[in-house]
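A.B. asks: Residue numbers (my numbering), protein chains in the order written: chain A, 1 to 336; chain B, 1001 to 1424.
Since the hints were derived computationally from the structure, they do not count as laboratory data. Backbone N, C-alpha and C fix where the C-beta goes; we use that ideal spot for every residue, glycine too. Certain hints may be false.
[Said to hold, decoys possible] Just so you have them, the derived chain B footprint on chain A, three or more residues with Cβ under 8 Å:
#1 126-140
#2 182-194
#3 273-279
[Claimed, not checked] Sample of chain A residues with no beta-carbon within 12 Å of chain B, all distances over it, derived:
#4 6
#5 121
#6 148
#7 157
#8 295
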Amino acid sequence: MAATSAKRWRRARVIDVREVAQHVRRIVLEPERLEAPAPPGSHIDIGVYVNGRADVRSYSVVGMSGYGTELVLGVQLARQSRGGSAYMHNLRRGQEVSITQPLQNFPLNYGKPGYVLAAGGIGITAMVAMGKALKARGADYRFVYGARSRDLMAFLDELVPEHGDCLDLRVDDEGSSLDVAELVAGVPVGGELYVCGPTPMLDAIRSAWARAGRRPADLRFETFGSSGRFAPEAFTVRIPRLGLETLVPHDVSMLEALEACGADMMFDCRRGECGLCEVKVLDVDGVIDHRDVFLSDDQHRAGDRLQCCVSRVVSARTGGLAGGDGRPAVVSIDVP
Amino acid sequence: MTGSTSPASIGRPTGHAGFRSFPLNAWYAAAWDHEVGRNLLPKTIANRPVVLYRTTGGRPVALADACWHRLAPLSMGKLRGEDEIMCGYHGICYDPDGRATFMPAQETINPSATVHSFPVVERHRYVWIWPGDPALADPALVPDLYWNEHPDWAGDGKTIRVNCSYQLIVDNLMDLTHEQFVHGSSIGHDALSESEFTVTHTDRTVAVTKWMLGIEPPPFWKRNLQDRFPDYDEPVDRWQIIHYTAPSTIAIDVGVAKAGTGAPEGDRSQGVTGTVINTMTPETDNTCHYLWAFARDWCLDKQVITTRLREGVSNVFFEDEQMLEAQQRGIEANPDYDFYNLNIDAGSMWTRRIVQRMIDAELGSDVGAVSDEAGHAAAAMTEVTGAANAELPGDGGTGQAAEVAGGVARHREQPTAGLMGRGL
Ligand code: FES
Ligand code: FES
Ligand SMILES: [Fe+2]
């Protein structure tokens, strides 16, 4: 059920666009055909236009509306970006877009003794339908939703009445920040924890889960592949063997920058999962900000390789190195 | 998931389960040398029916296996004279160039009576044919498989007709992780999936290198090493170095040496080396001919070892064959699903990319042409967004247009700091 689906593209009409939290728009699409309702945890791929170039982005399906014929998405506008999210925010009612059928990489397993759903920020989009499905089945669940402040939290108006006491809001501004150890401890034995949120949150939960000796397969998560420990900055990447050097702007991935300067790069998932875009790190002046979920913590610490579709490098100062100055980072790598 | 990039790479459809195309402008091994003689050998090569035979002068010939007259297979006819073939239906005869030399019931030869004669080269014990444009058939492009007939090597091999796309065999040979699981009883070893490998590539080749140092040899290699060093029962250094030449030839340099005797540095005097020679020829989109051989550099005078290795490798390949045919059925039974490509698939992903570029070049299409799916999306989006962007108020529209010049997609989403991140 969760094998990788072959994508089938179809047209869809934009039915509604409205702001549901700060920088978050709820976008309703009506596909020209829909073989089956979108299962909880699924996403669609959508053709977008970025810098005049056709590209593809993935967005979780928040739920179905209309008579089950419409797909609801939630899209946060990424700051400093004129990328896919800007395109999505510019959609207007009546416009046509190209999308795939709902694709499933993050299925909900039914029949477990207990569930905890943990959403961070815009990660809520992957969780809304799961919460609904668990409630409908009468499952034993808790729904934790964290963010920095309340005005950033989309879909509260439907989540609060729907989940009542099962909903546990954690808002940094209000002093009720998410406690990762407590979160993990709250998952009953044999139960599952579903997580979608920014990388720091996911990393913290993954380590807490491992420390607690929990079964890895019971932690279910989906990655952003887009947020790291540090704000992205421009850095220089060199491939000495090929005599290539290029600057990676703050809003371009290392993979894209390398391709643009003529390196023949291998990749597939482009979200830090598959391990195909791995490059060998020869030398780094700065600090590596690993953003993938392919390498282990030990491999991250070793720092001799990185997944260039998502991971970046920051200056020694940004990375907190003693005596580090603010010179932009430089990384030397080798590629297959 | 929000705002992350598509799992499918735009313009790189090659990692897909449905990828099963092949270039035509390439040499493919049609048969072993000894299979082509004064007999008519029908084969389908790259979806083309071909009949192979040898002239009395010893030259191999490959003609289209369909008579110009009414498409009866020439392979049902017979050889005539020194180098001709006669159709078994109405008797038209053709020479090695495919030109008619005899027509029944008329005194002339119809000037358009010809069948296609494929370029043929016999080299390294295989008869190679070129299904594509004959003008491009350069014999220098035949993959170098010298081990098959070199005095420093001894070996033999077989042909297997496999019910799977040739690409699945390429994938299989480029990925030796599977040995641990598919060939556990012979050449498999836990160290295989645990040890690191490196991948390099050029325009037409890919190499994957894996060394396993100081390991217990698996049974197959223990026996081989003992051919040379009968008393040796200690750990070994083992290597697997895969050399791919596009589109479908793979020579794997394999072997073991007494551990710590310098094999990784190039001194293999305390070891045994084999070359697994593999060349796959697409028969149809979903089937192929797999010609393989195993050549060794030790005990060259022992025919019994040649036979033992040929039969041993044959058994190992039977395990692959079963898995690959089942995988092909799996692909066909799941048309709605696709591969998820992993780091261990890197070697195969490079071969697929190189093959795709060869196909693109043949079709005259842009190497960077987008895949069906992204193409569909892109085409649709061009109309749709062209219109939409035109309506956008100043900023958004000009901003996007202005960045086109940069030529780099800028779509990393906003970073975070702290558990919840900055933007959240
Ligand atoms: S492309 Fe999959 S990890 Fe980078
Ligand atoms: S582990 Fe590779 S196909 Fe299943
Ligand atoms: Fe195998």
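A.B. asks: If a hint holds in the structure, say so; if it doesn't, say that too.
C.D. replies: To see whether the hints hold, each was checked on the structure:
Closer than 8 Å: that is the beta-carbon criterion, and the stretch 126-140 of chain A has 1 residues meeting it against chain B, so the requirement of 3 is violated. Interface restraint, the stretch 182-194 of chain A with chain B: violated (0 residues with C-beta to C-beta distance below 8 Å; minimum three). For a cut-off of 8 Å, the count of residues in the stretch 273-279 of chain A with a CB near a CB of chain B stands at 4, and the three-residue condition holds. Annotated as non-interface, residue 6 of chain A brings its C-beta within 12 Å of a C-beta of chain B; the closest such distance is 5 Å.
Not every CB of chain B lies more than 12 Å from the CB of residue 121 of chain A, the least distance being 3 Å, so the non-interface label is violated. With a closest Cβ-Cβ approach of about 5 Å to chain B, residue 148 of chain A is found to fall inside the 12 Å limit, against its non-interface label. Even its closest Cβ contact with chain B, about 18 Å, leaves residue 157 of chain A beyond 12 Å, as expected for a residue assigned away from the interface. Not every CB of chain B is more than 12 Å from the CB of residue 295 of chain A (nearest about 10 Å), against its label as outside the interface.
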